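Enquirer: From first to last, the protein sequence lines are chains A and B. Note that numbering that gives the first Met the number 0 gives residue 157 to position 158 of the first sequence, counting from 1, and the numbers run on in steps of one. Note that numbering that gives the first Met the number 0 gives residue 233 to position 234 of the second sequence, counting from 1, and the numbers run on in steps of one.
One should not assume that every hint holds.
Given that identical chains are not distinguished, each listed pair holds provided it fits within a single copy or across any two copies.
[What the hints assert, rightly or not] Calculated pairs, BS3-like style, for lysine-lysine (alpha carbon to alpha carbon, straight line, at most 30 Å):
id, residue 1, residue 2
1, Lys100, Lys282
2, Lys282, Lys254
3, Lys58, Lys295
4, Lys162, Lys100
5, Lys295, Lys100
6, Lys58, Lys282
7, Lys58, Lys100
8, Lys162, Lys282
9, Lys295, Lys282
10, Lys254, Lys162
Worth flagging that the hints you see were computed from the coordinates, not collected in a lab. No experiment lies behind these values; they were computed from the predicted model shown.
Protein chains: 2
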Amino acid sequence: MSEATTSKAAGENEPFGTVALIGIGLIGSSLSHAMRRGGLARRITGHARTTATRATALKLGLVDDVFESPGDAVRDADLVILCVPVGAYAAVVREIAGDLKAGAILTDVGSVKGSVVRDVAPHLPAGIHFVPGHPIAGTENSGPESGFAELFDNRWCILTPTKASAPDAVERLAQFWRGLGSDVETMTPEHHDMVLAITSHLPHLIAFNIVNSARHLEEVTDREVIKFSAGGFRDFTRIAASDPVMWRDVFLNNKEAVLEMLGRFSEDLTDLQRAIRFGDGDKLQHLFTEARGVRKSIIDIGQDTAAPDFGRHPKADGGKAE
Amino acid sequence: MSEATTSKAAGENEPFGTVALIGIGLIGSSLSHAMRRGGLARRITGHARTTATRATALKLGLVDDVFESPGDAVRDADLVILCVPVGAYAAVVREIAGDLKAGAILTDVGSVKGSVVRDVAPHLPAGIHFVPGHPIAGTENSGPESGFAELFDNRWCILTPTKASAPDAVERLAQFWRGLGSDVETMTPEHHDMVLAITSHLPHLIAFNIVNSARHLEEVTDREVIKFSAGGFRDFTRIAASDPVMWRDVFLNNKEAVLEMLGRFSEDLTDLQRAIRFGDGDKLQHLFTEARGVRKSIIDIGQDTAAPDFGRHPKADGGKAE
Numbered sequence: 000m001s002e003a004t005t006s007k008a009a010g011e012n013e014p015f016g017t018v019a020l021i022g023i024g025l026i027g028s029s030l031s032h033a034m035r036r037g038g039l040a041r042r043i044t045g046h047a048r049t050t051a052t053r054a055t056a057l058k059l060g061l062v063d064d065v066f067e068s069p070g071d072a073v074r075d076a077d078l079v080i081l082c083v084p085v086g087a088y089a090a091v092v093r094e095i096a097g098d099l100k101a102g103a104i105l106t107d108v109g110s111v112k113g114s115v116v117r118d119v120a121p122h123l124p125a126g127i128h129f130v131p132g133h134p135i136a137g138t139e140n141s142g143p144e145s146g147f148a149e150l151f152d153n154r155w156c157i158l159t160p161t162k163a164s165a166p167d168a169v170e171r172l173a174q175f176w177r178g179l180g181s182d183v184e185t186m187t188p189e190h191h192d193m194v195l196a197i198t199s200h201l202p203h204l205i206a207f208n209i210v211n212s213a214r215h216l217e218e219v220t221d222r223e224v225i226k227f228s229a230g231g232f233r234d235f236t237r238i239a240a241s242d243p244v245m246w247r248d249v250f251l252n253n254k255e256a257v258l259e260m261l262g263r264f265s266e267d268l269t270d271l272q273r274a275i276r277f278g279d280g281d282k283l284q285h286l287f288t289e290a291r292g293v294r295k296s297i298i299d300i301g302q303d304t305a306a307p308d309f310g311r312h313p314k315a316d317g318g319k320a321e
Numbered sequence: 000m001s002e003a004t005t006s007k008a009a010g011e012n013e014p015f016g017t018v019a020l021i022g023i024g025l026i027g028s029s030l031s032h033a034m035r036r037g038g039l040a041r042r043i044t045g046h047a048r049t050t051a052t053r054a055t056a057l058k059l060g061l062v063d064d065v066f067e068s069p070g071d072a073v074r075d076a077d078l079v080i081l082c083v084p085v086g087a088y089a090a091v092v093r094e095i096a097g098d099l100k101a102g103a104i105l106t107d108v109g110s111v112k113g114s115v116v117r118d119v120a121p122h123l124p125a126g127i128h129f130v131p132g133h134p135i136a137g138t139e140n141s142g143p144e145s146g147f148a149e150l151f152d153n154r155w156c157i158l159t160p161t162k163a164s165a166p167d168a169v170e171r172l173a174q175f176w177r178g179l180g181s182d183v184e185t186m187t188p189e190h191h192d193m194v195l196a197i198t199s200h201l202p203h204l205i206a207f208n209i210v211n212s213a214r215h216l217e218e219v220t221d222r223e224v225i226k227f228s229a230g231g232f233r234d235f236t237r238i239a240a241s242d243p244v245m246w247r248d249v250f251l252n253n254k255e256a257v258l259e260m261l262g263r264f265s266e267d268l269t270d271l272q273r274a275i276r277f278g279d280g281d282k283l284q285h286l287f288t289e290a291r292g293v294r295k296s297i298i299d300i301g302q303d304t305a306a307p308d309f310g311r312h313p314k315a316d317g318g319k320a321e
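Bound-form chain A, shown alone (with noise of 0.2 Å):
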């Protein structure tokens, strides 16, 4: 557990006056579910770019009310939560400036957060409180229909204050991110970019890479490649199937640490090649080996599942068969 975990401030559970969602997608409907199942906020705002998108949220009550213009839906927020592409974070924001309420919570649930810094921080009036943010929570699904009230339990957020973040709204912040089931850390956007670069984008960058390498293949047929999936590629096309623009975004705002990142894997797997190559099974089995012991770590801190294959088969438990 982190420090701030331990802090429970009074007030923890007071809710929210009116919290904006600029975005309803994967990540805003399950804001709005798990705000609604905390007592979290007592009106929900939202905003969304299409018609249809702010049609759902209506219907499914993801917001009380909805808004064609991001500056409408702010304008009486206590907290406002930008949950669009990062890559549209500089043109909101522009557009929202304008609109916020003295005092405001101004934060976001991008993945990378020193870009948004850089393209948010410029554009505040004075009296707003940014405090940028990132749920490290999501599913394979986007859309409003695709959230859930589950989504962040037991999950991280990690909070990126910067100087002028006042310790009271990071406070108030973390205080709401517990209630809506998350354990709260906090560091700097530099830090955070380095380690969700390993953590998240480089297993992204590589679960799209094979799967579109899969799909190219003269000797071996797309429909092969799907029926015997099984083996272990199906595995990627999960992570694979995560929305395209938002990981556009990413990797076009976490550039120098992907690439760190990736010169290291590269540089790596050339070394797996070589030992395939001239068939050094001892080399082989010993990094086989040490890789097989950082899922224990996961599963004991519960960050994963224990069942074995995801918990596909229902009797797969692990030992328990007979």
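With chain A held as given, fit chain B onto it using these hints.
Expert: Coordinates of chain B only, in the frame set by chain A:
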């Protein structure tokens, strides 16, 4: 469905007299459970190298009799299934060749097939029906306690008969696999090795590699990698938790096809790297969009679950969260 699954010959449900399992790990123990469930063997014998595995196999009722010597295990067997890492086949087959019963079917479950034909066929006496096989099924767990009867349900089993494989023996073995719950496809050993190089071997290699890359960073601690793994990394650790000796042998025995697929993967990854370096958002979005479609096909043909995030969240049912 392949042609093989539509030709159901008489005697499909006739059990084998004795089936011998050479090796009793995840696959061997799952075969036992699935044979018991389907009534596919009157008696199951087994061989395992260690005293502990032999004792566990008896205790769990996986085998009716267990033997320290593989020759003793196969003596009365009508069907012998090699379930040890493929690197051990040559030695095992030399040891059992003299004890195999005339007319017995010898098969295996190894993840490579070309090297199996090379290592096994020359040692066999006349009158033994050798039909290599490979069930495209597994979990990240190993050992006799990790097996369960449902492992092969709705998964493909690939048989790779050689010119010496009698058609009757191939059909008898195909019936056996259908009885275990699988669909059956036949192809050449060479084509099998190419298909599996992309659908299974390369995904495992990449998973092992990224997990190891993540373990030796200066900027990000191992603890952070584990803590924030829910952003994608944890999916790779599942695959990277697979048995190291089995996978060592796969890469040593399918070198050419793996190096070919790895070459293509690296080429494509370099192309993605350039797109990131030069900020080519259109290209990134296009490639990510193309990759997304593959998952739907895999779910449509029943080779993976449609539950978001593999169903890790109880209510993540894809839009029915209200």
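Enquirer: Which numbered hints turn out to be false for this structure?
Expert: Structure breaks hints 1, 5, 6 and 8.
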